[in-house]
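J.: This is what each chain is made of:
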Amino acid sequence: MEPSEDIEDIKDIKDAKEILQNLVKAKKTLRMYPQNNPVYLKTLEDSYMKFKSFFDYKENLMLKIKQNSIFYDSEQIYYNPEKEDNMALLFFKDGLRELTFEKGLPQEELEEFLRIIAKDFDREAVDDDIVTLLWEKDFQNIRYIVDEAFLVDVDEEDYETKVESEVKEKITGVEDLMRAYADGFKEEDVKGISIVPLTDKDLQMLVKELEKDSSDKTEKLITVLFEMVYQSEGINDLEDTFMFLKDAIKFSMKHGEIYTVLNVMKRSKEMLEDPLLTEYAKEYIRILFLYLGTEEIISLLAEILDSGIEIDEKVFEKFVEVLDKNAITPLVKFLGELKTIHARKRVIEILIFLGRKDIQAIAKGLDDHRWYVVRNIIYILRKIGDKRAIEYLLRTVRHGDIRVRKEVIRALGELGGREVVQTLRECLDDPDTEVRIASARAFGSIGSEAAKKIILEKVSDKIFKDRDFEEKKEFYEVLSRWKDAEVFDFLIRSLKKKSFFSRTKNYENMACAAFSLGLLGDKDALPILYKYKDSNNKLLREFSSTAIKRIEYSQ
Amino acid sequence: MNTANKEDREVHKSAQDIINQLSVILRTAQIHDPGNIAVTTAIDRFLLLINPLIESERSITLELIGEFFYINDSRIRYSLEYLLNFDFLVREFKKREIGSVMFKDEIKPDDLKTFLKAFITSGFSDAPYEKMLEDMEESQSIEIGRLKKVKEGEEIDTRKIIKKTYFNAVSYAKGVMTKIKSGEKVNIRKAKRIIETMVDQLLEEEQLLLSMTAIKDYDEYTYHHSVNVSILSIALGQRLGLSKKILTELGLVALFHDIGKVEIPYEILNKSTNFTDDEWILMKRHPVWGVRAILKLRGFDTTTMRSSIVAFEHHMNYDFSGYPKVRNYTELDLYSRMVSLADQYDAMTSSRVYSRIPMTPDKALSIMMERAGTQLDPLLFKFFINMVGVFPIGTLVLLDTKELGLVYESDVVFADRPRVLIIIDSKGERVEGPVVNLTEKDEAGKYLRSIVKTLDPNKYKINLAEYLL
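Taken in order, these protein sequences are the chains called L and B. Quick note, the first sequence lines up with residues 0 to 554 if you use numbering that gives the first Met the number 0. Quick note, the second sequence lines up with residues 0 to 468 if you use numbering that gives the first Met the number 0.
So here's chain L without its partners, still in its complex pose (with noise of 0.2 Å):
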């Protein structure tokens, strides 16, 4: 060998050594980075220009696989004892025996080539061994070649060579073969089977067959369980038929096919009115519809509502009415696991409509650790309107967070009764300004002769005057619900009332006043606003104005 060849083939083996070590690279971190992600661009972009500058000077690259070492040119490349991340062993255990890489491999076949080995074959549920993943993808400029000899188990290896020499055991007799002959001439001469060319109709007709067999297969496989419910001999049939027909509930929702789970349970009511069915099979079909209430359903459905499919709302609204209510337990765990507003907003929609079945049920979720859970817990109790809901929520009314406490304080007063009148009271006095205000308009949302008294006293109250301006105005404008004489009076009269001391926040609760009257809409207010629409003071004026328009304009 002349010296020049020699170095030659020592810069191939180093450069097939780097290209090796490069792709173990790339199978970490193919793994581990989304395909947009600089890393991974690089190590592509890396991957490739090794391939490229090798193939400058070489037609391919072959690499010799054996179960812990990888050779190129009869030299040791890669080795690796171990089990894990032995790059060897992941092509040697399916059978791979040699991978040649040809000049002209484009990036995006390296790309798919490398998105194959660094696929998880272990952890992963892929049902394809990496063979099986290259065959699929006909590369173009990769080549491999397979043993095949482990596809066959270690008991059956001279199966071949058994089952042949049986099969030829039974040695054709020159007699039989002789009578066969003697008896051709006999025979009646061939009539032959017309065969009826394809016409371009065939293939237009194939075509529309083709086309009509790409649909999804699971409503298909549904009306063969279906037809087996019927088929069923005994008991232990009809339990294996359900177990089906759940696992076709539990694929379609992976897949987002509500529709197709929807039209699972239409059939399933149907057969429950079919006299010919057997009692045990209705219990079964019973068992189905809470099959779908459970959590290994729900997350699916929380799976899809937070992917975003759309989903028809009519389908949508059928998939909720035959919800049981064993689904509320899950809804509510989901409710604060989803990432989407529009996702909690579906939820929040199913567990109002279940939640009238089973207040109890949603009011668990009153004792969630979450505080937005809890706030929807409360605002889907306010919208079930339920009075039953009231005895859960008072617990809540000294939750940790005010957000919470507003909630409850809101559906408290347009659940009313009068359980939650002396709890709202203590919120009055509430040191936090919005529970104050919270408390004040759920008063007013309750809007009897109690809670009118009761606002009165507290507007009425010294020190109610030193509050702040905004929270004296919702107080005023809670009190205008109550369109009577008592509260006209009243406000009247702290329209006209004068004060020497603390005559700024006086003048508030004159204006906070104006306001109110505005809001009642009495045009008996209108003389006095007029007296106080040129008022010296802005804030006065200006409240009494806008009053004076709103009851002309509301005429």
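Mixed in with the good hints there might be a few duds.
Some, not all, of what chain L presents toward chain B, calculated at C-beta under 10 Å [to be verified]:
(1) 145
(2) 160
(3) 165
(4) 171
(5) 202
(6) 205
(7) 211
(8) 222
(9) 223
(10) 236
(11) 247
(12) 250
(13) 447
Over 10 Å on every C-beta distance to chain B, these chain L residues come out as not near it, computed from the model [unchecked claim]:
(14) 147
(15) 280
(16) 294
(17) 325
With a straight-line Cα cutoff of 27 Å, these simulated BS3-like cross-link-like pairs (lysine-lysine) come out [to be verified]:
(18) 16(L) / 27(L)
(19) 63(L) / 26(L)
(20) 189(B) / 118(L)
(21) 189(B) / 161(L)
(22) 458(B) / 185(L)
(23) 82(L) / 12(B)
(24) 92(L) / 162(B)
(25) 295(B) / 216(L)
(26) 548(L) / 537(L)
(27) 458(B) / 161(L)
(28) 26(L) / 244(B)
(29) 497(L) / 482(L)
(30) 180(B) / 161(L)
(31) 216(L) / 253(L)
(32) 63(L) / 163(B)
(33) 169(L) / 452(B)
It should be emphasised that the hints constitute simulated quantities derived from the structure, not laboratory data. Computed from a predicted structure; not experimentally measured. For glycine and all other residues, C-beta sits at the position ideal for the given N, C-alpha and C.
Given chain L, work out where chain B should sit, using these hints.
T.: Only chain B this time, still in chain L's reference frame:
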């Protein structure tokens, strides 16, 4: 979309277009004068397709190997829309013994007209290839090559490989059934690998793999039957123009079609006499048991869904006259109709499945033809019969030359003119070969050999394995 893949697909499509257009030209030129506008338009379109490719590749060689066309060494898959034109071209090439046509430099309309003239004239010659070669002597830009015959040694090696694949598949099928019976886990990755190899071999050596299905005399026929149905289904799927990936799925689904039989006692399954009524009731349960076995074997995915559907439907018949009887059903799945054809054919021609008396392949086909439109899908049957041929592999035939032989390979183009292995010569003496091609003609253009009678090899205890394995 992956750019490289997109480019590959575009190139592949161009290659398909070239073959298709060449076929169009030849068909048109057989009807019209070369100067006719229909011919010249077809020529112009062909030139528009081929010349840019010649420019980038320097030359384009269209080669016929086996039943498939290759362009510059890449196999060009049949696509459904071009199926008839591809078949026409295969037939015309074979008729003239043309194996390749090389186009180089820029092709002008006159070059192609010379080629056309030579092509058409050679069709009337006794030595068509030589005639065409002579007529094209002057042509600078189009060259033809003779059809290559497969070397005997190569064929033996290929047969060995194919035999290995076949028995691997049978051994796997046996393993699956045994494992299911004993509640063990089944490795589906292995099944895929086996089917992929079968798909590859069917694409390359369809006839050799099909010949494996002709031998029915095995002790454990149930396992062989599953593999045979898988092979026949893939072969049918290939005729329908299905992709490699879909063929694998179809093969896998077909392999598991009878898996419900694991529940049937071995003694019943393999008994040598007809089934009793009770045994029939048991047998008719296997489609339902099949669904159960498959769905228990693996979770839900597209392949298990299809396998379950086929396991359930493969005996239902196109007109729903079979079993199991159903209530609310509209149509059988495409795969079920395909597997049903393969299943009926293999079952009828074997002695152990359903019928105790095996039929000759041609007899089975004629019965199936009667069933087309009722029990069997008539459209798919047309493709099926075109695939297996009028005289399928393993048919015992008497030729007009007084030779007795076994059909060894079907001919894709001439369905009634297969290759036949002679086992008794015209003098009435037992021989081992040769394999003769029934498409061969004498100098007067008359066929050298034709089939005159078919016989039942089982009646005469002729062991096909002795000849086909």
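J.: Look at each hint and say if it fits the structure.
T.: Status of each hint after checking the structure:
1. Checking residue 145(L) against chain B by beta carbon gives a least distance of about 8 Å; that is within 10 Å, so the hint holds.
2. This hint holds: residue 160(L) has a C-beta 9 Å from the nearest C-beta of chain B, less than the 10 Å allowed.
3. Residue-level restraint check for residue 165(L) holds (minimum Cβ-Cβ distance to chain B is 6 Å; threshold 10 Å).
4. Contact between residue 171(L) and chain B, as hinted, is supported at the beta carbon level, the nearest pair being about 5 Å apart and thus within 10 Å.
5. The criterion of a C-beta within 10 Å of any C-beta in chain B is met by residue 202(L), whose closest approach is roughly 6 Å, and the hint holds.
6. The restraint placing residue 205(L) at the interface with chain B holds, with a minimum CB-CB distance near 6 Å, inside the 10 Å limit.
7. Because the smallest distance between the Cβ of residue 211(L) and any Cβ of chain B comes to about 8 Å, under 10 Å, the interface hint for this residue holds.
8. The criterion of a C-beta within 10 Å of any C-beta in chain B is met by residue 222(L), whose closest approach is roughly 7 Å, and the hint holds.
9. Proximity of residue 223(L) to chain B holds as hinted, the smallest CB-CB distance being about 5 Å (cut-off 10 Å).
10. Hint status for residue 236(L) relative to chain B: holds, with the closest Cβ pair at about 8 Å, below 10 Å.
11. Evaluation of the residue 247(L) hint against chain B yields a held restraint, the C-beta minimum of about 7 Å falling below 10 Å.
12. Given hint, residue 250(L) at the interface with chain B, holds; its Cβ is 4 Å from that chain's nearest Cβ, closer than 10 Å.
13. Using the Cβ-Cβ criterion of 10 Å, the hint placing residue 447(L) at the interface with chain B is not satisfied: the shortest such distance is roughly 58 Å.
14. The Cβ of residue 147(L) sits about 6 Å from the closest Cβ of chain B, inside the 10 Å cut-off, so the non-interface label is violated.
15. Distance check on residue 280(L): its Cβ is at least 14 Å (rounded) from any Cβ of chain B, clearing the 10 Å threshold; non-interface status holds.
16. Against the 10 Å criterion, residue 294(L) stays outside the reach of chain B, whose nearest CB is about 19 Å from its own CB.
17. At roughly 23 Å, the least C-beta separation between residue 325(L) and chain B is larger than 10 Å, which holds for a residue marked as non-interface.
18. At most 27 Å may separate the alpha-carbon atoms for a hinted pair to count; residue 16(L) and residue 27(L) meet this at roughly 17 Å.
19. Between residue 63(L) and residue 26(L) the CA atoms are separated by roughly 19 Å; this keeps the pair inside 27 Å, and the hint holds.
20. Taken as a hint, the residue 189(B) and residue 118(L) pair is honoured in the structure, with Cα atoms around 18 Å apart against an allowance of 27 Å.
21. The hinted pair formed by residue 189(B) and residue 161(L) meets the criterion: a straight-line CA distance of about 22 Å does not exceed 27 Å.
22. Proximity of residue 458(B) to residue 185(L) is assessed by CA-CA distance (about 15 Å); at most 27 Å being required, the pair is judged to hold.
23. Proposed proximity of residue 82(L) and residue 12(B) is contradicted: the alpha carbons are some 44 Å apart, above 27 Å.
24. At roughly 24 Å between alpha-carbon atoms, residue 92(L) and residue 162(B) fall within 27 Å of each other, so this suggested pair holds.
25. Between residue 295(B) and residue 216(L) the alpha-carbon distance is near 18 Å, which keeps this suggested pair within the 27 Å criterion.
26. This hinted pair checks out: residue 548(L) and residue 537(L) have alpha carbons roughly 17 Å apart, not beyond 27 Å.
27. Our distance criterion of 27 Å between C-alpha atoms is met by residue 458(B) and residue 161(L), whose separation comes to about 26 Å.
28. For the hint linking residue 26(L) to residue 244(B), the alpha-carbon distance of about 25 Å falls within 27 Å, and the restraint holds.
29. Taken as a hint, the residue 497(L) and residue 482(L) pair is honoured in the structure, with Cα atoms around 25 Å apart against an allowance of 27 Å.
30. The suggested pairing of residue 180(B) with residue 161(L) holds, with an alpha-carbon distance near 23 Å, which does not exceed 27 Å.
31. Distance check on the hinted pair: residue 216(L) and residue 253(L) sit about 15 Å apart at the alpha-carbon level, within 27 Å; holds.
32. With a C-alpha separation of about 23 Å, the suggested pairing of residue 63(L) with residue 163(B) holds against the 27 Å cut-off.
33. Annotation: proposed proximity of residue 169(L) to residue 452(B) holds, straight-line Cα distance about 25 Å (limit 27 Å).
When the structure is compared with the earlier hints, violations turn up for hints 13, 14, 23 and for no others.
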